[in-house]
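Chains as they are written, first to last, in this note's numbering: chain E, 1 to 311; chain Z, 1 to 241; chain V, 1 to 254.
One thing to keep in mind: the hints can contain errors.
Unchecked claim - Listed below are the simulated BS3-like cross-link pairs for lysine-lysine, each with C-alpha atoms no more than 30 angstroms apart in a straight line:
| # | chain 1 | residue 1 | chain 2 | residue 2 |
| --- | --- | --- | --- | --- |
| 1 | E | K82 | E | K106 |
| 2 | E | K13 | E | K168 |
| 3 | E | K123 | E | K102 |
| 4 | E | K13 | Z | K10 |
| 5 | E | K102 | E | K82 |
| 6 | E | K168 | E | K123 |
| 7 | Z | K10 | E | K82 |
| 8 | E | K123 | Z | K238 |
| 9 | E | K63 | E | K102 |
If you're looking for bench data, these hints aren't it; they were derived computationally from the structure.
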Amino acid sequence: MIEAVGLTKRYGKTLAVDNLSFTVPTGRVTGFLGPNGAGKSTTMRMILGLDAPTGGSALIDGKHYRDLHQPLRTVGALLDAKWVHPNRSARAHLQWMAKSNKINPKRVDEVLDIVGLTSVANKRAGGFSLGMSQRLGIAAALLGDPQVLLFDEPVNGLDPEGILWIRKFMHRLAEEGRTVFVSSHLLSEMALTAQELVVIGRGKLISQTSTEDFVAQATENTVRVRSPHLSALRTALGRTGVSLRDEGDSLVVTGMDCAEIGELAASTGAVLHELSPQRGSLEEAFMQLTGDSVEYHAGLAETIDLVAAGK
Amino acid sequence: MTLLAVERIKLFTTRSPWWCLLTALTVTVGLAALITATAEADFPLTVEVTQFGRMFGLMVVMVMAALAITTEYRFSTIRSTFQAIPNRTAALLAKTLVVALLAMVIGELAAFGSFGIATLIQPEANLAISSAADWRLVAGTGLVYGLSAVLAVAVGVLLRQSAGAISVLMIWPLLVETLVPVIPRVGDDIAKWLPFTAVDQFLAGPTGNPPLSPWGSLAYFAGVCVVLLAAALVTANKRDA
Amino acid sequence: MTLLAVERIKLFTTRSPWWCTLIALGVTVGFAALMAGTAEADVPMTVSASQFGYGFGLVVVMVMAALAVTTEYRFSTIRATFQAIPNRSAALLAKTVVVALLAGVIGLLAAFGSWGVATMMTPDVDLAINTAFEWRAVAGVGLVYAIAAVVAVAVGILVRHSAGAISLLLIYTNLVENLVTLIPTVGPKIHQWLPFNLAHHFLTGNPDPTGRPDQFGPGLSDATVGPWPAVAIFAGFGLLMLLISLVVANRRDA
Ligand SMILES: Nc1ncnc2c1ncn2[C@@H]1O[C@H](COP(=O)(O)OP(=O)(O)OP(=O)(O)O)[C@@H](O)[C@H]1O
Ligand SMILES: [Mg+2]
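Chain E with its partners taken away, still in its complex shape (with noise of 0.2 angstroms):
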């Protein structure tokens, strides 16, 4: 179990991680979810003791990284597939890494060959593809079969064979029973991969709820309306206490299905035009949660349609 209490990273003027306290649970994948810049690197850093919190704190299973006897073996962690001596060999980075904990040197051999890289083992690290490296990284957080795995953006780079190959590598881990704790700025991903989800924005905590709960009110079902008796039709409705919004010349409807608003025309007696379900997105709602907390607004919608005229 990881739990981070009231974490706090300021780097001089920014205030990277804010005051941030969750717990990730044994034996799920919780996801870590945040727009870019959120702090995720940041607080993963932390939990590893690599940087030192400005305030609060992060333990793994009640002790600090820090103070836990060959660390390895409890953790596992790929924050970066990059960290890796281009000049060194794959098995070569996993050896000295292996020898730090004690652990035994055949393990080696054991996770090349769980992540697929047995066949460049002695090639040099710094000519490794980005999707290489990831499965390197991989390699080196299951090295002393911890029972806390820390991923940060694992499929970054993957190809969708990659993506899925992970995807069900995490599901194995929690149903062994570890603790998977794995970011990714991309809600459909997680929601693919994550059981629970610990949502941040600008380094403050958004949520934490499963991701069913939270795919659920994310995806919540409204129906679009347009008749030309919408007045009477709005009446009727509101009545009921569903929820109403006008667009445009039509109505939208949240709380009540298809079926149960055409049989409540029927009954007004108003001819309906339209009614069509309308399904929100995971990554529109992922939007609205921490719209205000994106760091970066790139103006996106802007630039490609700069793009597209062609300027």
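We have chain E already, so just place chains Z and V with the ligands on it with the hints.
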């Protein structure tokens, strides 16, 4: 001109040239201040003494010049550069020129700054830049810094990595050139033709029995720099970016 | 012991220590060969003359030692290291020990290699290592390289950038210490206590009573203490730097 502007922007939008400029100036001028402040009767103040820190400034300038190119290799921005300007010779020449000009300015500021602070601290010493030798010593520093920057850029292009380039650029003038004269028989003859010995002959010479006049020595040094630069340009054009 | 083994693996699975070892041996032994090849009756070969090139190996070893740390910062493998070994002092001390040992071995190889080449090339000159001075001049190189490596590791930890650490080390050892002598009155007084001057004094100073033709060598040190106190101060300087760097490394973010 566009290329020069490009390289100027590239140089001044990173921090290292500013750091190097600041370090070079504070150290040379600071040393001049220190030495003039402590000078006494049995250690008369001369124009030469005010230029005491010139070698230090030279090292800093060479580090800056080498870094200007090796960091491009390190961060692969050299690829963006060659993508934007496929004529590699032109791109690298523009960079060399900009770096050399900056080095020259640093040299002049350091030299005149050192001289200036010395006259301020000890006005009664009546320091003046009067003879041709004095002018060479002070104003010549800029020329030497500029040419050394060319040499450093060339070494940077050839070696492509900071650690190697800086090591070579420091070890050569500071160690190799001082140890060569130790070799019996041939040492002195070789030493006469070493590039940084020639620099000393230009700035502070002639001393001993140099093979070339002061200006000849500078021309010789310039020749070495240009040959190295040419070798660097040929190499850069031949190999993958 | 484990930590030492870890650092040994790390050091020898990259290329730079191999390169540095080769270069250090090449330049020192090469310079000794040059000295021996050009020696003549009025400039005879001596044991100490076979070691005139020790400065070349010294700078190469310091570059190697600094790089052993700065590349860890550059490639962020220092984070992987601290992740595996959260006790930063222990991890960094292990690295320092391994690098210093390698530097010491390089020093011994370079010194005895230089001496061996000189002996072979000038067989008619007696280059036997007999006196305490001669032992210091040759075997002492290993000690000096090892301590210099500690200084370089410490500077590497403090500065974290290869370019900065190397410039600082090379400019300091080869320029700053020499320039200090030029400061009027106080300069020489300070200079005789500067660390690399003391190291030079340990290797070349206090020659044996029979004297030697030191006029044909790099200048002698102006240090006034005995050779062993000199190297002790040099070692103390190295340890002090290391201590400072460990404190700093523990305080800041990896
Ligand atoms: N070492 C540092 N020094 C200064 N500022 C930092 C440092 N590390 C992170 N920051 C700042 O802290 C904030 C959070 O950064 P962090 O890398 O933790 O975000 P993230 O959630 O991992 O983002 P991404 O999804 O892009 O990886 C950013 O504003 C970043 O600029
Ligand atoms: Mg991140």
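Quick rundown of the hints versus the structure:
1. E/K82 x E/K106: holds (24 angstroms)
2. E/K13 x E/K168: Violated, at roughly 40 angstroms.
3. E/K123 x E/K102: holds (24 angstroms)
4. E/K13 x Z/K10: Status holds; Cα separation ~27 angstroms.
5. E/K102 x E/K82: holds (24 angstroms)
6. E/K168 x E/K123: holds (27 angstroms)
7. Z/K10 x E/K82: Holds, at about 26 angstroms.
8. E/K123 x Z/K238: With Cα atoms ~27 angstroms apart, E/K123 and Z/K238 stay inside 30 angstroms; holds.
9. E/K63 x E/K102: Answer holds: E/K63 to E/K102 is near 21 angstroms, not above 30 angstroms.
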